[in-house]
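Chemist: Sequence:
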Amino acid sequence: FENVDWEDIYKRLLVQALRLSALLARDKVVAGTGFSAEDLVNNTILKALGGDEIRYRAEKGELLPLLRTAMIRDFLDLRRKRSHQRNVHVDLSAQEAE
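When you line the sequence shown up against this note's numbering, it's residues 1 to 98, in that order.
No wet-lab data here; the hints were simulated from the structure.
Be aware that one or more of the hints could be misleading.
Under the rule of at most 20 Å between Cα atoms (straight-line distance), these lysine to aspartate or glutamate pairs were calculated in the EDC-like manner [as the list claims (entries may be wrong)]:
1) K11 / D52
2) K60 / E2
3) K47 / D8
4) K11 / E38
5) K47 / D77
6) K11 / E62
7) K81 / D8
Here are the simulated distance ranges between beta carbons [claimed, not checked]:
8) L76 / R12: 25 to 31 Å
9) P65 / E2: 16 to 22 Å
10) D77 / E2: 27 to 33 Å
11) Y10 / K81: 20 to 26 Å
12) R80 / V15: 19 to 25 Å
13) T69 / D5: 14 to 20 Å
14) E59 / K81: 32 to 38 Å
15) D8 / R73: 17 to 23 Å
16) L76 / E2: 27 to 33 Å
17) G50 / A22: 24 to 30 Å
18) E2 / G34: 16 to 22 Å
Quick reminder that beta carbons are idealized off the backbone N, C-alpha and C, glycines included.
Taking the hints into account, I'd like the entire structure generated from these sequences.
Modeler: This is the structure in structure tokens:
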């Protein structure tokens, strides 16, 4: 990971994660999962640094597209969880107004 600009990668992944979560979630946290866009980015980078789940080889291409793909797959996996499908949203603001 020599010469990797982690700050730039973090910012770019965060933009992508915010777009994903904005498309499908009402809140900053993906419903039923407890994960925010920042959590997705952090987990993706940690997986790459750990080298177990995301294995990067510089000769095979750039790091950012690999991390972006891994993060999107993780996001989709989170969305497929049954806890998300059974999650109930309660709007307390309407009850407080009465």
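Chemist: Run every hint past the structure and note whether it holds.
Modeler: Checked hints:
With a CA separation close to 23 Å, the supplied pair K11 and D52 exceeds the 20 Å bound. The suggested pairing of K60 with E2 holds, with an alpha-carbon distance near 15 Å, which does not exceed 20 Å. Taken as a hint, the K47 and D8 pair is honoured in the structure, with Cα atoms around 17 Å apart against an allowance of 20 Å. Pair hint K11 plus E38 holds up; C-alpha atoms about 10 Å apart against a cutoff of 20 Å.
With a CA separation close to 15 Å, the supplied pair K47 and D77 stays within the 20 Å bound. The hinted pair formed by K11 and E62 meets the criterion: a straight-line CA distance of about 16 Å does not exceed 20 Å. A C-alpha spacing of about 30 Å is found between K81 and D8, which places the hinted pair above 20 Å, so the restraint is violated. Between L76 and R12 the C-beta distance comes to about 19 Å, which lies outside the given range of 25 to 31 Å.
Distance hint for P65 and E2: a CB-CB separation of about 19 Å, consistent with the stated range 16 to 22 Å. Look at D77 against E2: about 31 Å separates their beta carbons, and that is inside 27 to 33 Å. Checked against the hint of 20 to 26 Å, the pair Y10 and K81 passes, with Cβ atoms roughly 25 Å apart. Separated by about 23 Å at the C-beta atoms, R80 and V15 satisfy the suggested range of 19 to 25 Å.
T69 and D5 have their C-beta atoms about 19 Å apart, which keeps the hinted 14 to 20 Å range intact. Judged by the Cβ atoms, the range 32 to 38 Å given for E59 and K81 holds: they are separated by roughly 35 Å. Separated by about 22 Å at the C-beta atoms, D8 and R73 satisfy the suggested range of 17 to 23 Å. Between L76 and E2 the C-beta distance comes to about 31 Å, which sits within the given range of 27 to 33 Å.
Look at G50 against A22: about 28 Å separates their beta carbons, and that is inside 24 to 30 Å. A hinted range of 16 to 22 Å is violated for the C-beta pair E2 and G34, which are about 34 Å apart.
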